[in-house]
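Required output: the full structure, derived from the provided sequences and hints.
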Amino acid sequence: MSTATADPVTEATTPPRPAGRRRSRMGRAEARWGVLFAMPAILGFLIFTIGPMVASFIFSLTDWTVGAAPNFIGLGNYQAMVDDPLFWKSLGVTTYYTLAAVPIALVVGFVVAMLVNAGWRRQSMWRTIYYLPTLVPAVASAVLWIWIFNPDSGLFNSVLRALGLPTSNWIYAESTAVPSLIIMSTWGFGNAMVIFLAGLQGVPRHLYEAVALDGGGAWAKFRHVTLPFMTPVIFYNLVTGVIGTFQVFNQAYIMTSGGPNNATLFYIYYLYTQAFTDSQMGYASALAWVLFLIVLVITALLFRNARSWVYYEAGGAR
Amino acid sequence: MSSSMRSVLSVGRRRRRTGDQVTGGRPLTRAMMFLILAFGAAAMLMPFVWLVRSALMTDAQIFINPPQWIPNPVAWENFPDALTAQPFVRYFLNTMIIEVLVVTGTVLTCSLTAFSFARLRWRGRNLVFGLLLTGVMLPYAVTLIPTFVGWAALGALDTFIPLTLPAWFAGAGGGVFNIFLIRQFFLTIPYEMDEAAYIDGANPWQVFTRIVMPLSKPVIVVVTIFTFIGVWNDFLGPLLYLTDSDNFTLALGLATFQSTYTAQWGLLMAASLVVILPIVLLFFVLQRYFVEGVTLTGIKG
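Chains A and B are the protein sequences, given in the same order.
In terms of the numbering used here, the numbers along the first sequence are unbroken and rise by one, the last being 318.
In terms of the numbering used here, the numbers along the second sequence are unbroken and rise by one, the last being 301.
In case anyone wonders, no lab produced these hints; they're calculated from the structure.
It should be emphasised that the depicted structure is a prediction, and the values quoted were computed from it without experimental measurement.
All the pointers check out, no bait thrown in.
According to the in silico footprint, chain A covers these stretches of chain B (three or more CB under 8 Å from chain A):
| hint | segment |
| --- | --- |
| 1 | 40 to 51 |
| 2 | 111 to 117 |
| 3 | 203 to 214 |
| 4 | 278 to 285 |
The beta-carbon is built from N, C-alpha and C at its ideal position, and this holds for glycine as well.
This is the structure in structure tokens:
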């Protein structure tokens, strides 16, 4: 990747260009252009990220509800959260969903990527079929799955009934609502799979031959070559997967309205109802900051833990 | 995140067919693997089959038990019925207006910024780039409420402005990733080309438009595709900012259609199919870029 031009990140540590009238005038012009070109992003970052971030933190320290004047209440919202059963419920639901959906997507995605990669003549056809579900827009997917989960005439219960098996109430029963949504999310493992597939192309082939020469079989090849080389890709899918699933919203809003009996009260959905249904802008902002902290801590833990199992090729990414 | 991301990027770059290294290729194992592969594929396609057959069935046939698989008669009328039950043409036009504004703004400002970060020197550049990258970590919920309050204070609710204007500031939010992606690509273009142009008296804008951009078509196509899909799929944005149904997008329109016509599965599936089809067609036309893009971004829009 860093063939022709050196990476600017490392370039920056080198001393500035040699001085001299002509050069420095050119350098100044270049700097002006540079700042000008980066201006959209800088302004965007200030207006749409930093500004709202600061505002959100200030909101979180007030009892602001729409239509009433806000009062400064310090950490009152954060204290209230501790005693809010719905906060804990939403945190539990989200954690449950993440702990199941992410590992399933990773394992299934990895296994299918290996299967697809096993030298079939129509590899791209298989890849396309497994990837297709991820293309379905979230709302369309939600509408489709409401119908699939329909207890009377939906796909699942129709098939189960035809086979003489017991049926389920899927998203309409407290105990099966989240598992149903996990099944639905597994349908979209194609994203993780495609990234694994790309990773598999980078595993050096000669190492497989080396294992074969030492008399190693398929398992040894997998365990000592494929798996170590894939750890960075696994790690990438893990981090993005966790961050993504922690922020699910659409399913809860469109399919279950957080129910039944708050069984699918996902964190962001709870935050949304606090802010835009109950107009509790102060409390909802506090919820957002707690989510931010949770995501930060999880990511930090994953990165710390990664040192012990993620393998980087010498001279590679690190 | 960036170190792992970079390794994914570099890994994806080596495009080499290396199939069949793991399995020995014994016929029985191969047959088993093929069966699993085929069974899995059938399971993946099942919801699509269910979608299409329901979209083509009358209500009477949909509720027959045991379920029917072949629509008879084929209820083509579900499509005109669904699309006129609510103003879906209007939703489509609204969506396309937003698409054009967002895609243009994102591609233009993100590549301009990426050009600055990749090929121009200025003090504080790497610091600014690093700061922008940290924005990737921020959950969208943190900025959601103040942004909404801000647009409300400006009287921009129920317009396309909150959904489109941020794109003209390098996308804001998801835009950082686009900048990163385009910058990575720009870094692979030899700097000698810029230098030659500067010696001939070109300014950075000319180098950007005449040299770097024409060479960067692959990454621009990828960013365009994923931005397009992101807008097409966006639900929360339109839900927050659009209230008059004349302003709805397809995604928001479909969601309200679902809550209005709860039990009319034929119509609902027909409408869903219409929302899904353009993306699937886009995929088949631009498949090469898609695979490249997913490998590069790792994230669906």
